[in-house]
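**Q** For reference, the chains in residue letters:
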Amino acid sequence: MYLNNAWYVGAWSNEVNRQPFQRFILDKPLVFYRRETGEPIVLDDRCCHRFAPLSAGWLDGDNIVCGYHGFTYSPSGACVSIPGVEKKPKKIGVNGYPVVEKWGWIWVWMGDAEKVDDTKIPDFHYLQDPAWTGHGETLNLKSNYNLVVENLLDLTHAKFVHKTTLATNDVTEFPLTIKEENETIIVERMMRGIKASPLFTRAGNFTEPVDHHQHIIFTPPCYISINTTVISNSDSSENKSAEIRILNALTPETSTTTNYFWNLVRCFSLDDEDMTKFLYEGNKFAFSEDQAIIEKQQQMWDTLPNAKPVPFPHDKGIIQKGKLMERLITFEKNNHN
Amino acid sequence: MYLNNAWYVGAWSNEVNRQPFQRFILDKPLVFYRRETGEPIVLDDRCCHRFAPLSAGWLDGDNIVCGYHGFTYSPSGACVSIPGVEKKPKKIGVNGYPVVEKWGWIWVWMGDAEKVDDTKIPDFHYLQDPAWTGHGETLNLKSNYNLVVENLLDLTHAKFVHKTTLATNDVTEFPLTIKEENETIIVERMMRGIKASPLFTRAGNFTEPVDHHQHIIFTPPCYISINTTVISNSDSSENKSAEIRILNALTPETSTTTNYFWNLVRCFSLDDEDMTKFLYEGNKFAFSEDQAIIEKQQQMWDTLPNAKPVPFPHDKGIIQKGKLMERLITFEKNNHN
Amino acid sequence: MYLNNAWYVGAWSNEVNRQPFQRFILDKPLVFYRRETGEPIVLDDRCCHRFAPLSAGWLDGDNIVCGYHGFTYSPSGACVSIPGVEKKPKKIGVNGYPVVEKWGWIWVWMGDAEKVDDTKIPDFHYLQDPAWTGHGETLNLKSNYNLVVENLLDLTHAKFVHKTTLATNDVTEFPLTIKEENETIIVERMMRGIKASPLFTRAGNFTEPVDHHQHIIFTPPCYISINTTVISNSDSSENKSAEIRILNALTPETSTTTNYFWNLVRCFSLDDEDMTKFLYEGNKFAFSEDQAIIEKQQQMWDTLPNAKPVPFPHDKGIIQKGKLMERLITFEKNNHN
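Chains as they are written, first to last, in the numbering used here: chain A, 703 to 1039; chain B, 703 to 1039; chain C, 703 to 1039.
What the hints contain is simulated information worked out from the structure, not anything from laboratory work.
A portion of the hints provided could be inaccurate.
Note: identical chains are not told apart, hence a pair may lie in one copy or across any two.
The calculated lysine to aspartate or glutamate pairs, modelled on DMTMM-like cross-linking and capped at a C-alpha distance of 25 Å, are [to be verified]: (1) Lys730 to Glu882; (2) Lys865 to Glu875; (3) Lys844 to Glu997; (4) Lys865 to Glu788; (5) Lys789 to Asp872; (6) Lys792 to Asp872; (7) Lys792 to Glu875; (8) Lys897 to Glu788.
Starting from the given sequences, assemble the full structure and let the hints guide the process.
**A** Following this line, the structure appears as C-alpha cells:
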C-alpha cells in the first residue's frame, strides 16, 4: 500500500539527460529524459502498442520513439505518430507524470495528475542553499522503504550500528518529544553535556562536552530531514558549534527494494573540500552499516510475514509516522474518483 | 496454453547422439538420444520410480538406464527391467514421444500419439535442398514464444531494430496483404523501387532501386518462414536478383523461455563460403538485436500481466495468427478424449 | 510437514563459539552461541523489537545483544534489558530451544519444550566412542530432506551411483528384511560370497569373496545409521574383517534444502591417519555423487508436484519409513495443546 498522490524523488538532476533511461517507482517502470529545452519528462516505460520499453528507444526532438516499431510519443505521453498510419492517432498513449526539478532532484507525482500539489514537496532547499554545502549519493537497498524510514526515525540505533561515526553513547538515556504538525512528524531529542560523536568531534573540533540537538522531520510519504546542531556545553571552556542536515528521500522502487537518495549538508567550513569529503565518507560508511542490518532485517521479516513487532518508548516517532501514513492512505482510498 | 497435437523442433540433428541430454519443450523435461541404428528417441526425462532424470543415466544398447537405481527403459518408454526384480515389469514406464528427423532437425510430437500427423510438419525442405545453402543456430530467449513469433510477423520492426542489416526504410509505407490458407497465415508485402537493405545490397550487389518482396508464412504452432525475393526494379539499369529464406522454429521451452532454431538459406552463390558467413553473421547480429528488445518487452509485459496491447494496421498478421491459434487450441481442448 | 517434537542436529560442536551465527532449521532462522561456561544456546534469530537478526549482534556475558537497538536477551530468550527503559522488561523475548551437546554435535529440540525428551536422540555414540574413529563434514543440498533420507534407505543405488567407491554389484540380487522396532525402521541385507566394494577392498585388504552385512537404522525424524560389517566368506582362505558406521543427520534447513551432517567411523586401524583420510575422501566423493543425482531429482520432482513415484521391492524401507513418519506427525498434530 503506497500513498499515490505524493511526490517521489526519481533521480538526481545530473542523471537525467537526452539519453532515456528506465527506473522503477512504486513497482512501475518509468522512462526519464529531457526535452531539448532541458525540462525533465517522466512517462510510463511501456509502449502502448506491444509494451516494449520506451527507454530502449531514442529521442526525436522532444518526443520519444519506441525502438521496436517506431510509435512516437510527445512529452505528455500522447502517441503522436505511428509508422505507416497516415492519420494522427487519437486517445492512445502512455501515462505521463507531473515532474518538478528542484534543488538538484527530479520529483515525480505518482498519483492523480489533477491533484498535483507542489506544496507537498518537503522543504529540502538546503540541498542547494548557497549558505550550505555537502555531498551525497544514491543507495539501492534490498528492503521495503518503511524499514529505512523507520531506521531514521529512531536514532538510538546509532549507538549500536555506527560506533565509529555517528554514535552518541548516551542517546538512549535522553527522552524524545514527538509532535505532529501540518502532516509532518517532528521528533526531537536534546542531549546536554555529552561527548560528541566521532563524526562531530572531528567536524566541529570539539574536545569538551557538547549539547547535541536532534531535530528529525518526517514528511510523507518517505522523507526524513535530520537536523543536527552540536554546540559546546555551558560548562565547557570551548565556544564551538557545528550544524548539519542529512536530507533523505526513500523512494520505493518495488515492495522489497528502495532507492535511497541522500545528501549531508553543513553550514560551516563551506570552502573546505576535505571537510566535504570527510563528512560524505563518514556518512556513506554509516549508511552502509544501516544497509547491512536493514537488508538482514528484511530477510527475517520475510520469514514471519504476519508477525507484529513489539513497540518500545524510542519507537514513538515510528508509531506516529505509521498512524499518519495510515490516515493519509485511507483518505486517499476513500476519496478516489 | 499450448497446442499439444503439433510438432516442435527439439534439436538439430547433430546435437543428438549416444550421450543422452535433457531439454525442455512446453515446460516438460525430455531426454534425447539415438538408438544404435541412429534413430532419434525422445522420452519424458523422469524415471517412473523416483523421478531422477534419465538424462543423468546411460545407454545400454537401444535402452536407457536410470543412473540412480538402474530402472531400464526401451525406446518406447516402457520400463523393461528393474534391478532385483525377476519378473519383467508390466505397464510401467515413461511417456515416449513420436519423433521425426527431417531436414537436419529433430521434430517432436508433443500431444496425443494416436493423432500424430507427419503432414503437419511445415515445409522447411529448404534446410537441406541441394539448390539452397546456408547456416543457422539456436538462440535461447528469456521470453514467451509468442513474442518471438509476433516479432517475425511484423517486419516493420526491421526499420527500427536492424538499421545496419535488414532495414528497408520504406517498409512502413507499404501495405500488407494477409490471408489464411490451409491453416497457415500468409503475410505479403511488395515494395517496388526501394533502396535495398544493407544485407541485400551486399548479398545481391545492388546499386540501384529494387523490388523487395516479403512472403511470410506462419505455420502453427510456432513456425515462420520468411521468403524474401529482391530483384532489380524495372526502372533500374541492372538486372540482378537474390532470394533468401529464413526458416524459424520458435519452440516454447517454458512459458517464459524459448529455444529459437533458425537457418538462413539462399539459392545463389552456393559455393561462396564468404557469402554464407556474411549472411549468417549479419542475421545473427540482427537476431541478437531482436533478443535484446524482446527480452526487455517480456520484462515490461510481466509488470502488467492483464493488459491488452493496442493493435495497429501492421499487426494484421499477428491478429490473424492469434485467431488461428485460438481456434486450434479450442478445437484440441474440445476434442480431447 | 515436519515432526516438531524431535531433535535436529544444528551444528558440529566446533562450529559453535562466542561469535553468534545464524542457521535455519525447519524453515526457522536460529542463532547459535555459547555461554561463557561453554554451554550452547539456540534462540529464534529475530529480535522481538523489529526482527533484526540477533546473530548480527554480539554477546555480553551470557546474554546476546541485538546489534540494531541494543535489546538484550538472556540464554532463555527472555528480553532482560532495553536501552533507555529503566524497568526490566516482562514477558517479552524470543523463543529459546532446548539444546543438548552430545558426541560432537549440537542437538536442538524444535517442538514443545515441555515435551523435551533426551531419550529420543538416536544412539550415535560411535561419533566419540574411543573404540571408533573417523572423520566427516556437512553438505548443504538443494533438496528436501526426504529425498536424502530415502537415498540412504535404498542402498541399491550404490551399484549405479558409486561405481568407484561403495558399489557392491550384486546388491540388487539380495533380498531385504525390514522391521519396525521401538519407532525405528531397521533394514537389513546379508550378501554372502560377493566381491567387496572398492572402498572395502582397500580398507579391509580383501582379495577374496566376502560376506557383506548392511544394517541400516532409521530413527525419526531424519537419522540414518549405516552399519556395515564385511568379513571374509567361509569359502575364502582369508580371515579378515572390517566394520564401519556412517552416521547421517539430515536436518531440514528449508523445505527445499538440507544440511547433511555425516561422519564415517571405523573400529579398526584406529591410529592409521591414512586410513582415516582414505575413507573420508572416498565417502565424500560418493556423497558428492549422491548430491548431484538428488539435486537433479528434486528439480524433476518440482516439475510434477502431485505425481506419485512407483514403489518397487527395494523401496520397502522407504515405504515403512513413510508410514512411521506419517503416524508420528499425525499423532503430534492430534495431541497438540
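**Q** Which earlier hints turn out false for this structure, listed by number in ascending order?
**A** Structure breaks hint 1 only.
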